[in-house]
Amino acid sequence: MEKVPKGGFNFDLYHRNNLLSAQGQKLPKFKKTGTTICGIICGDHIILGADTRATEGPIVCDKNCEKIHYISENIYCCGAGTAADTENITGLISSQLELHSRATGRQPRVVTALTMLSQRLFQYQGHISAALVLGGVDSTGPHLHTVYPHGSITTLPYVTMGSGSLAAMSIFEAGYRSDLTLEEGIDLVCEAICAGIFNDLGSGGNVDICVINEKEKADFRRNYKIANPRKYQSEGFIVPPGTTEILSETITKISSLVDIEEIEPEDMDVIG
1 MEKVPKGGFN FDLYHRNNLL SAQGQKLPKF KKTGTTICGI ICGDHIILGA DTRATEGPIV
61 CDKNCEKIHY ISENIYCCGA GTAADTENIT GLISSQLELH SRATGRQPRV VTALTMLSQR
121 LFQYQGHISA ALVLGGVDST GPHLHTVYPH GSITTLPYVT MGSGSLAAMS IFEAGYRSDL
181 TLEEGIDLVC EAICAGIFND LGSGGNVDIC VINEKEKADF RRNYKIANPR KYQSEGFIVP
241 PGTTEILSET ITKISSLVDI EEIEPEDMDV IG
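Under the numbering used here, the first residue of the sequence shown is numbered 1, with each subsequent residue one higher.
Hints in this document: simulated from the structure, not taken from any laboratory. Heads up, a few of these hints could be off.
[Claimed, not checked] Pair by pair, the computed Cβ-Cβ distance ranges are: (1) Glu87 x Thr154: 14 to 24 angstroms; (2) Ile226 x Leu27: 33 to 43 angstroms; (3) Val60 x Lys253: 17 to 27 angstroms; (4) Arg222 x Gln23: 13 to 23 angstroms; (5) Thr155 x Pro28: 50 to 60 angstroms.
[Stated by the list, open to error] DSBU-like mimics (lysine-lysine), calculated; alpha carbons at most 35 angstroms apart, straight line: (6) Lys253 x Lys231; (7) Lys63 x Lys253; (8) Lys215 x Lys253; (9) Lys63 x Lys217; (10) Lys215 x Lys63; (11) Lys215 x Lys29; (12) Lys225 x Lys215.
Even for Gly, the Cβ is constructed at its ideal location relative to N, Cα and C.
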């Protein structure tokens with residue numbers, strides 16, 4: 001008689017991995033992703049920031065990618081993790097939120113986007129590698145949240161995510177105040193992203209800033225600051241003719257290699 005399986009965790013794969021490891025098999029490693037994203041509540045505004053480096057393991061594959069994604073006119077989202085996952089999950093929620101807004105005839109609220117993102121990520125149990133900083137301003141005021149890949153959320157006046165989050169958080173812990181002016185808030189977010197760029201190998205490139213408020217259109221400042229400009233840029237290499245010595249030269253006519261046959265053109269059939 002078969003035993004009825006009981007609920008709880010299943011450790012079969014754990015024992016299998018230990019057996020394969022004991023036999024000398026190398027288990028696949030997790031691929032480290034690198035990013036620094038952050039956001040703060042500054043009065044009636046939300047200020048989001050992100051670096052622009054995209055990595056593929058130890059390789060920098062894009063120096064100026066865009067990590068601040070559009071959700072709606074009053075809501076934006078920074079993404080850390082796998083680039084394809086962050087772009088597609090934010091694009092999916094953006095389209096669903098637009099349909100929801102048209103069906104209700106109202107401006108979408110930040111909590112609606114937060115619920116959609118959280119439920120979608122929880123549904124896939126962390127297999128969607130997207131760590132998000134969601135910020136926006138609606139009729140109830142400014143809101144700032146973080147959404148983890150497994151679907152858990154936090155709500156704070158200043159947040160950071162990504163591999164450079166500790167460096168960025170140290171800047172916020174030292175410099176954040178509830179009475180920051182808009183320019184002070186932008187400078188603080190920029191400084192936090194720069195801290196991640198200079199102290200985390202997975203972060204780099206430039207600094208993107210997005211300022212959101214309820215009354216005006218979001219101010220997306222692409223490449224707000226170039227943190228690491230090149231001091232010495234090459235003007236190109238000019239190689240004068242004759243630099244490389246020609247040892248031998250052979251010229252072969254094509255006519256000696258192929259047969260050339262001349263044919264008369266034929267009239268085309270015209271169907272009227």
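Against the structure, the hints come out as follows:
no., hint, result
1, Glu87 x Thr154: 14 to 24 angstroms, "23 angstroms, holds"
2, Ile226 x Leu27: 33 to 43 angstroms, "40 angstroms, holds"
3, Val60 x Lys253: 17 to 27 angstroms, "49 angstroms, violated"
4, Arg222 x Gln23: 13 to 23 angstroms, "51 angstroms, violated"
5, Thr155 x Pro28: 50 to 60 angstroms, "35 angstroms, violated"
6, Lys253 x Lys231, "51 angstroms, violated"
7, Lys63 x Lys253, "48 angstroms, violated"
8, Lys215 x Lys253, "74 angstroms, violated"
9, Lys63 x Lys217, "27 angstroms, holds"
10, Lys215 x Lys63, "33 angstroms, holds"
11, Lys215 x Lys29, "47 angstroms, violated"
12, Lys225 x Lys215, "26 angstroms, holds"
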